[in-house]
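Undergrad: These protein sequence lines map, in sequence, to chains B and C.
The opening position of the first sequence corresponds to residue 1 in the numbering used here, with each subsequent residue numbered one higher.
The opening position of the second sequence corresponds to residue 1 in the numbering used here, with each subsequent residue numbered one higher.
Among these hints, one or two may not hold up.
Rough simulated footprint, nothing fancy, chain C against chain B, three-plus residues with beta-carbon under 8 Å [as the list claims (entries may be wrong)]:
no. : segment
1   : 287-299
2   : 447-457
3   : 535-548
None of these hints come from the bench; they were simulated from the model.
It should be emphasised that the depicted structure is a prediction, and the values quoted were computed from it without experimental measurement.
Quick reminder that beta carbons are idealized off the backbone N, C-alpha and C, glycines included.
Number of protein chains: 2
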Amino acid sequence: MTTPKFATTAEHILALRGQMKVLEVDAFVVPRFDAHQGEYIAAHDERLRFLTGFSGSAGIAIVTHDTVAMFVDGRYSVQVREECAGEMFSHYHLFDSPPETWLTQHLPAGSRVGFDPMHLPPVWFDRFANAAAPSGTTIQPVFANPIDTIWNEQPPKPEGQVVTMPLQFAGRGFDDKLAALIDIMTQQDVHFHVETQPDNIAWFLNVRGDDVAFLPVPLSFMIVARTGVVSWFIAPEKLNQDVKDALPDMVHCLDPDAFLHALRDATSDSVRVSIDPDFSPVAVRSALEDKGANIQVQRSPLTLTKMIKNPTELEGLRACHIEDGVAVTEFSAWLIDQVPKQAAIGIPLTERDAEAKILALRQAHASYLGDSFNAISAAAGNAAMCHYATSENSNAPILPTAAYLLDSGGQYETGTTDITRSFTFGTLPQGYAKAYTAVFKGFHALCTLQFPHGTQGHQIDAVCRRPLWDIGLDYDHGTGHGIGHRLSVHEHPQRIAKQVNHVDLAPGMILSIEPGYYLAEQFGIRIENVFEIVEGDKGFMRFQNLTLAPIQTDALLMDALTDAEREFLKNYHQIVVEKLGPFLTPAALAWCQTNVDQFS
Amino acid sequence: MTTPKFATTAEHILALRGQMKVLEVDAFVVPRFDAHQGEYIAAHDERLRFLTGFSGSAGIAIVTHDTVAMFVDGRYSVQVREECAGEMFSHYHLFDSPPETWLTQHLPAGSRVGFDPMHLPPVWFDRFANAAAPSGTTIQPVFANPIDTIWNEQPPKPEGQVVTMPLQFAGRGFDDKLAALIDIMTQQDVHFHVETQPDNIAWFLNVRGDDVAFLPVPLSFMIVARTGVVSWFIAPEKLNQDVKDALPDMVHCLDPDAFLHALRDATSDSVRVSIDPDFSPVAVRSALEDKGANIQVQRSPLTLTKMIKNPTELEGLRACHIEDGVAVTEFSAWLIDQVPKQAAIGIPLTERDAEAKILALRQAHASYLGDSFNAISAAAGNAAMCHYATSENSNAPILPTAAYLLDSGGQYETGTTDITRSFTFGTLPQGYAKAYTAVFKGFHALCTLQFPHGTQGHQIDAVCRRPLWDIGLDYDHGTGHGIGHRLSVHEHPQRIAKQVNHVDLAPGMILSIEPGYYLAEQFGIRIENVFEIVEGDKGFMRFQNLTLAPIQTDALLMDALTDAEREFLKNYHQIVVEKLGPFLTPAALAWCQTNVDQFS
């Protein structure tokens, strides 16, 4: 995960420009997307990083013969200027000055712009095509990606082994899921559904995989016919005999290279096909358009089915949160004990020490499979960078005079976790207590909210922000995201954020609640638990907590807490003690218990 | 305002069907809209009511030779079934089963559907046209409205007299407003702006009028050329010599009948014209399309300028809220005193008595011009109907054992008011105290909120609902609406509601905050004040109260109030006493003071 040297980057860009001449294009679009348009991609698909050195999780480069225009969102505006420094680059905000507008302003009329149609979804392609059309600029698909041509040491395509997701964890058999999908397709009068999201496919087929970090799924494509025949386009190397034997008869395994051909072969102008405009390659839509298919553009029905967890999935999530809670609680007790001691002997703990510790504590659980994302172990001002990651070069000491934040999560046999805790060690940084108290109040306000059926995430976001707003503070990220079941730790479509999200919250959804506050170069605070949505009073829903680990109370301004907030802290920690107690070391249990006692 | 008898309605419908045969159309669309697509229309334009008997403020009828399909929103679903009873009618929800879908399902392919192109805005026309296109059904403009043909006793077009809005109240001269509009038009490269919203025109020209109830504006159209020439299409009968003399030279008064012709004459394919898609007749767009104009479809720039009140407008609003507050406070003290007394002697006050009283109290102020909407004076279960209006047939007694609600407002020389108060008289209905306390808590929660710049209404709506949600209750209307300056009491575009509203709240905006709770057939509760948005902490805004009248505390569960809520009530009533005290009768002042004293 090191940043490529600038010299190498320059060579790559020059090599791509050579290919662009061969292809006779004036510009080439390089998004961070792979063929599945998700957050986690294989090393093989790190084309944007190979080309530009940019290592963020979202962004688009437009390479012309004059410049490499980098478009990233606010999370990465500092990082991109470091990783893509120098006069070869120009930098833009992905939303405020989007790439399609840049194209029209910087390319002469009638230009040709190349892109890989497997790596842009229809929504993005349409943005480029619509912006370019008035000036006669054309957006040209290039099926043989020129970066693959110039990338001598490109890692091979991943061949992670597929494993079966046992029914005891999945809770719902493939036959049942297929029948439900066929019902939806019948209602919509759709003959084929094209699924390109690996987590939807994994969930549907009750399998998991190992192709990309953090997201335990195989990269693959799938076409489901309303007749019940399922074509699964997956590299044969990923399937051992046991997995193959376990696959239902109606699932036919095919080579991924055959995906578009098969789609074309199945399609005619009398056929109706559903695709997701945000998460499928535009090449899929083009193939369907070529054959005159009637295309139903919609959010994948599997996304909408998978988002409501079944009782077994929910049970599994509750179980893995106990294991994860034990690890985080042990970590917390250890950290609070060790930070002052190590600092006193002049060998302070570092961010990477802490990262290693939480990893080891999670690994101690047999059902732990790996991390659910790149842990953020951040001391002092590093925690003010919301997407900070330690490295050999960045490994700050954790000092008792500063604050520390750990945002981490695991993949377990029975589910996925995500938790953030913020710690201090006796000496509070200036302004920390007031902000930490407000963050806690926001967390408490939202997680105790009852809200009516039909409520959407953007409608309740401010409930969490209000205590911060009251003192003139805010945080520049969402309040909550969906979480998968041994799948993506950032599972769409539900979300709690300022941005409009037109998905009704519903019982069985899993969401994080994670308000924070960040003071540049000083500290970062975030409190994050994961919740299940459950029914409340008639016509209402509420959040039911899943995450079990103490919320450090040292920095709370006790006088500013309401009776309800004190009661909440007491009850929450009582539950933590009850559920985790049997599995904790005496020291960790003792620390846990102090969080109950102080409110008694 | 009486409901037409069914027999008459039937005659009208049959007469229209006769006209439809002459026009060779299979259906005719009759919206409640006039040519300005606003909420308040002249008696001359009450075509929907004349035809169907429906008296609500929004709705659409589709008349075919078989049925009259009525489409209304949830507010009017009960009312429409009463007013449009009988087998001639069928009833639908305006949003859930919209009229354009109905058309495609109930008319044979290739049908002809007539409509008056002055009475449908482009957004509605497009809905009909897009829905009808696949089946070859055409939506035919009919310029000579057939209802006007059959309506023998149609009231004449209104000829309300225009008055000048003095600069001392308007705060900003016409020249300045024109210069600002020209700036916007220059930035947008627009040659002409077509303005069809009467309140925008009145605000722009610094005039007011008297064509429709409650909204003190002249119905008119306007075309502003970027050169600075303003063509004002207004019936000459509305302008006396003084007003004409006061008009700036660049304002040319023309007959409204010349509006579309003038628009066509001014337009060619090299001309760019801006129109509002929601509040202009589709005939305007069609005229522009006919001439090949480049049409800029956008929210009117005058809507976006007018929404931010200038300092003089704000000062005027503060002033008229004192006059209005005196009237409402006197009313409240009188009501609380009289209701038990009148009941005791067997001659209870009625809803209409109360309505007459508040009217008389407002009329006592020299600057009062009229009501800003049809007051809702509602006792007991009548208050559970959010749009209840008294009538000769509906005039319930106000009994001390039930609750009473008054929602009313005035137009004053210096501004517009809107206030709701809910009253009890010693004996509380079952469940009232808990709900009233939650409504107050919601009101308090929102009006004390500080929120960041960039916040939009839908993001903060839940802050107001939460106390109700906590106990499993909610209200089925918005939380707050914009209010004009001696203009519409429901001024768009800003709004606080569950529905998404993409308008950033901004300092200088005026909004109501009005949570409520309604228990069918038992009671209705609403607390409504009007607020100005002002700057708060750096980067934040907050609400500053304008409305001054005690909030009855008798029904509040005092033990359930927080210290902050008690402090708020004390401070609010202290301000009411200070600002209104000099103008109140001793009895009203004494009652006012009790609201302060109980929290001391």
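Undergrad: Now look at each hint and say whether the structure bears it out.
TA: The hints, checked one at a time:
no. : hint    : in the structure
1   : 287-299 : violated (count 0)
2   : 447-457 : holds (count 5)
3   : 535-548 : holds (count 5)
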